[in-house]
Amino acid sequence: MADLPATPSPRRFRVETNARPLVIAGLAAVALVLIVLPVFAGRAALQDFFFIFTMLALAQYWNLLAGYAGLVSVGQQAFVGLGAYSLFAATLLAGLDPFVAILISGVVAAALALPTALVVFRLRGAYFAIGTWVAAEVFRLVFAQFKQLGGGTGTSLGPDIANSLAGLEWVARTFGVRNSAARDIITYWVALALLIGTLTLVYALLRSRRGLALAAIRDSEPAADSLGVDGFRTKLVVYVLTAFGTGMVGALIYFQKARISPDAAFSVFDWTAYVIFIVVIGGIGTMEGPIVGAIVLYFLQDYLASFGAWYLIALGGLAAAVMLVAPQGLWGFFARWSDFQVFPVRRRLSTPDRDDHSPAGSR
Amino acid sequence: MVAWLDTLIQGVLLGGLYALYATGLSLIFGIMRLVNLAHGDLIVFGAFLILALATALGIDSVLAFAIAVPIMFAVGYALQAFLFNRTLGADILAPLLVSFGLSIVIQNGLLEAFSADTRRLPIGEVAGMSLPLGGGIAVGVMPLLSLAAAIVVVVGLNQLFYRTGLGRALRATSDDTETAQLMGIDNERIYAIAMGLAMAVCAVAAFFLGSRAPFDPSIGPARLIYAFEAVIIGGLGSLWGTLAGGIVVGVAQTIGARVNPEWQILAGHVAFLVVLVLRPRGFFPRAVD
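Residue numbers (my numbering), protein chains in the order written: chain H, 1 to 363; chain A, 1 to 289.
Warning: the hint list may mix true and false statements.
Okay, the calculated beta carbon distance ranges per label pair [unchecked claim]:
| hint | chain 1 | residue 1 | chain 2 | residue 2 | range |
| --- | --- | --- | --- | --- | --- |
| 1 | A | D186 | H | D219 | 47 to 53 Å |
| 2 | H | V100 | A | A127 | 42 to 48 Å |
| 3 | A | R120 | H | F269 | 23 to 29 Å |
| 4 | A | A74 | H | S220 | 37 to 43 Å |
| 5 | H | K257 | A | D186 | 21 to 27 Å |
| 6 | H | L227 | A | P214 | 43 to 49 Å |
| 7 | H | L118 | A | A222 | 23 to 29 Å |
| 8 | H | W337 | A | R86 | 23 to 29 Å |
| 9 | A | T118 | H | K257 | 27 to 33 Å |
| 10 | H | S220 | A | T164 | 35 to 41 Å |
| 11 | A | N260 | H | L118 | 23 to 29 Å |
| 12 | A | A138 | H | L304 | 29 to 35 Å |
From chain A, some residues computed to sit far from chain H (all C-beta separations above 10 Å) [claimed, not checked]:
| hint | residue |
| --- | --- |
| 13 | V2 |
| 14 | L111 |
| 15 | G140 |
| 16 | L144 |
| 17 | R189 |
| 18 | P221 |
| 19 | E229 |
| 20 | F283 |
To spell it out: a stretch of chain A is covered by chain H in this simulated footprint if at least three of its residues, at any positions, have a beta carbon under 8 Å from a beta carbon of chain H; those stretches are [claimed, not checked]:
| hint | region |
| --- | --- |
| 21 | 171-178 |
| 22 | 265-279 |
The hints are simulated quantities; they were obtained by calculation from the structure and are not laboratory data. Every residue gets a Cβ at the ideal spot worked out from N, C-alpha and C, and that includes glycine.
Build the full structure now, drawing on both the sequences and the hints.
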């Protein structure tokens, strides 16, 4: 920032976020290990990681909406489903390459998010939440009408399309595995790439001017408005960006599943309830929280999913209890007695002559 | 022409049922600005409660319904007193997510207790009876009763709000919580009573839901959405508006179903979106959100 000439003893101030080189090196090391993981890990482990990566990416986008922009949506399944159906349309009907189709799916989801936003943004707060759900229901019912994509019962990707992935033969030869296993390795990498892209995007956004505007809007919209922050536009940008990312993740998830139906692709339960659980358990409004939450969900799923309805009762009850008792989630609990941040987005005031790090700006 | 008139009449009657779903939601929003995402599941819970009472006590569904109303009031009172009152405040996230968690708990609890089978409340011959209106149009007795019930509920609640001391306390809390508290009103108790009333209305909705069509534990969220659409179309804070909103959704759905049976639900949603674009505050708005 600039000098503050009015102060009695002129001193230079800077407002910065404290990114530590050690943390950056650690993140790079983790990324490197994850990239080469298919060399050591078996197929089942890769599929587990695929689940964690995709759910975590979805959770980061939902967290950006609800935790930072104050847009609590229970309709993110709209964009998962749109992305998934776009992928099926692009590969099955238009015969496009799956990689290209995933990118197109994100664009389609974002393009449809724009008119959706113009309608649902008319609702505020909790009504916005149900409004997004209605929008998702509309998309579900509309896609159930597309007979070319199987109508209400859905359709499958044939092995010819599933095996048309670029680089499939190379991976199969290099790793000495069959086509189906090679496909899992490639989708694992794509999921990892999407996750790293998501984390980078969210982090960059939160550290930018727009991120500061978001925090200001979340803390007090009238105050932010009076300082010249365009709340509507900022929220719109975040909503459309989130739809883009969510759509691509949805496309990838359904490429891997290779089978789609409107009820599954637009399921509020699978694509919003679990995501909310991840964010709430981990800690809403932080980038670290969803990472913790996704890992917790994975272990719960692994050990307790066989209990069926009781497992889901426990998940719902746990999320409600955390919201009531410890709304900051697991990461918030940890952050209370530690200053450590993996993704520092909090701005601090620092003075070079005194190492006095007093927090400034938003939390 | 007669066919379309018939469609319109059936739509209005269906709207009565949707208005019953929506009245409780409208009530709690009007008084405490709370949006309960478990509302639809609580209606389905009410239907299973009536069924369980009728089966366990070996009594008629109507009698079981009469017993279920005070039980649902108590359930609502307890939910608000022990759960939702703890989420009050400026933050919308807590009530939303707590009620979303509750919705999942209720759905899966019902699934565990009653299985995924579809059920129906046995009400005897009335279920199939209809009144001929002439010109080939006939209306079912149960649909007619559900519209009548919706009107009775709205009239009754309005009488309660504008003719009783409790109603005055409810309105005062709705208008200005702090000042109402200064006048000695315990707002948390008022909220609990309001939720109890909303759940008693849900019991009425549950009776007509269960006796008109088959139900199973998974249908709650769809009821929430219809109720929500009715509330928004009618305008926040107006019970008569909510009744009108329910009728708009009902008519849109029957017209959609007439054009193509697959379009019934979609037509209701489209009507909602059109109203939202043209009249974002609904037809008869009273409250400012």
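Quick rundown of the hints versus the structure:
1. A hinted range of 47 to 53 Å is violated for the C-beta pair D186/A and D219/H, which are about 31 Å apart.
2. In this structure the hint that V100/H and A127/A lie 42 to 48 Å apart at CB is violated, the actual value being about 56 Å.
3. Between R120/A and F269/H, the C-beta spacing of about 25 Å keeps the proposed range 23 to 29 Å intact.
4. Checked against the given bound of 37 to 43 Å, the beta carbons of A74/A and S220/H, roughly 39 Å apart, stay inside it.
5. In this structure the supplied range 21 to 27 Å is violated for K257/H paired with D186/A, their Cβ-Cβ distance being about 53 Å.
6. Checked against the hint of 43 to 49 Å, the pair L227/H and P214/A fails, with Cβ atoms roughly 56 Å apart.
7. Evaluation of the 23 to 29 Å hint for L118/H and A222/A yields a pass: the beta carbon distance comes to about 25 Å.
8. About 25 Å separates the C-beta atoms of W337/H and R86/A, a value consistent with the hinted range of 23 to 29 Å.
9. Checked against the hint of 27 to 33 Å, the C-beta distance between T118/A and K257/H comes to roughly 28 Å, which is consistent with it.
10. Between S220/H and T164/A, the C-beta spacing of about 39 Å keeps the proposed range 35 to 41 Å intact.
11. Between N260/A and L118/H the beta carbons are some 27 Å apart, a value that agrees with the proposed interval 23 to 29 Å.
12. Checked against the hint of 29 to 35 Å, the C-beta distance between A138/A and L304/H comes to roughly 52 Å, which is inconsistent with it.
13. The claim that V2/A is not at the interface with chain H holds, since no C-beta of that chain comes within 10 Å of its own (minimum 29 Å).
14. For L111/A, the non-interface assignment is contradicted: its Cβ lies about 5 Å from the closest Cβ of chain H, within the 10 Å cut-off.
15. With a closest Cβ-Cβ approach of about 26 Å to chain H, G140/A is found to remain outside the 10 Å limit, as its non-interface label requires.
16. Interface exclusion of L144/A from chain H stands, the closest Cβ pair being 29 Å apart, more than 10 Å.
17. Under the 10 Å C-beta cut-off, the non-interface status given to R189/A relative to chain H holds; the minimum distance is some 20 Å.
18. Annotated as non-interface, P221/A brings its C-beta within 10 Å of a C-beta of chain H; the closest such distance is 7 Å.
19. Not every CB of chain H is more than 10 Å from the CB of E229/A (nearest about 7 Å), against its label as outside the interface.
20. Against chain H, the non-interface label of F283/A holds: every CB pair exceeds 10 Å, the least being about 15 Å.
21. Taking a C-beta to C-beta cut-off of 8 Å, the region 171-178 of chain A contributes 0 residues in contact with chain H, too few for the three needed, and the coverage statement is violated.
22. With a threshold of 8 Å between beta carbons, the proposed coverage of the region 265-279 of chain A by chain H holds, since 8 of its residues qualify and at least three are required.
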